[in-house]
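Asks: So the chains spell out like this:
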Amino acid sequence: MNERDVDWQLVTRVQRGDKQAYELLVAKYQRRIARLLSRIIRDPADIEDVAQEAFIKAYRALPGFRGESAFYTWLYRIAINTAKNHFAAQGRRAPTHSAADPDDAENTDEGLALRDVATPDALLLSKQVGEAVNRAIERLPDDLKTAIVLRELEGMSYDEIANAMNCPVGTVRSRIFRAREAIAADLRPLLGTRDDQRW
Amino acid sequence: MSPLPHRGEPDPASSDFELLSAWMDGELDQAQARELMERLRGDPSLRSRFEWLQVASDALRSHEVAACHLPELTNKVGQALRSEPALLAPRALAASALRRHVATGMTLAAAAALLAVVALPQLRGAGETQPPAPAVAVGGNPPGPTTVRLAQPLMARDSQLEAYFRAHRELEYNGVMPAAAAYIRSSGEPDR
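Residue numbers (our numbering), protein chains in the order written: chain A, 9 to 207; chain B, 20 to 211.
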């Protein structure tokens, strides 16, 4: 199995009527979709509404998803189209790049301009998240730090990490989990809600 | 949502959470993954932990992405899904797709068998001047040998081949070559 297989497993469960499996896909991809939308839509409240609408549209369209592409690639297109519809419903045009803007072509998607103009609040939060992650990594014991960096930044499999670190795969699994737990614990005060969520 | 344990605090469910972390990385086998997903259905704390392990993973790859976390979104989508019908149709679609693939495969196999039995021998004999049919020279009948055609059709038949033809006839209209189906059928029929 790989990460794509995990998504496909969740997708097939949703296609068989398991709605909770879809919530796991939302939990997994909501930040990437919100980040994408934040580069198109300026108002944070609109970003959340459009993200929610995109996920619901994707759920309804899921019977037609056959796994020819990665789930996120498919979801990404739905989010882009939902953003376009959002602008159309408001009688506004989605921000697009003009033809005289060839240097920005790589930052466009289907004619939409993907800006990197974040609000001051978003910039501050992003900076705080970066600092929290760095602090958490600094505090990790070396073996946990190495394992999580090889996994998340180098994209190595557990087998490859076990070979590199000369330890059993089970140890790698445990180290990666403990590193993630430590980082999540530092992020939760920044990104969680005051009241516990439903989960 | 169950809070994350404080540092140093023993966590009795940590082995499940460890499995969850490995599953995120695609490092569980199919059976383990299925079992874990079943547990996820009935365990809100496990689902909560999944989300926070994902936040940590995202933050390591991009703090800008992690900063876009919408803490209420998963909850809101979950609530909205309650009024949505459960998706059940694709199962039937998948089954019909499987049947279609099997039917196509059998049709192609039948067509290949026909090609081997009918067309290839004819192609091999196309350049010969002598009739391809078995001939028997009968002595004492000048001026030359008498050619005797056998009453049997040229094509060898056996019960296995007949079974192929029957399968082909049953499935030919589901195949990928509907236009050729009639021709293939007439070629495969015994001479009338």
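Think of the hints as simulated: they come from the structure by calculation, not from any bench. If you're wondering where the values come from, they're calculated on a predicted model, not measured in any experiment. Among the hints, a few may not be true.
Mimicking BS3-like on lysine-lysine, the simulated pairs with C-alpha atoms at most 25 Å apart in a straight line are [stated by the list, open to error]:
hint: 1; chain 1: B; residue 1: K95; chain 2: A; residue 2: K65
hint: 2; chain 1: B; residue 1: K95; chain 2: A; residue 2: K153
hint: 3; chain 1: A; residue 1: K153; chain 2: A; residue 2: K135
Asks: Now, for every hint given, state plainly whether the structure supports it.
Replies: A quick look at each hint next to the structure:
| no. | hint | result |
| --- | --- | --- |
| 1 | B:K95 with A:K65 | holds, 14 Å |
| 2 | B:K95 with A:K153 | violated, 35 Å |
| 3 | A:K153 with A:K135 | holds, 21 Å |
Hint 2 from the earlier list is the only one contradicted by this structure; the remaining hints agree with it.
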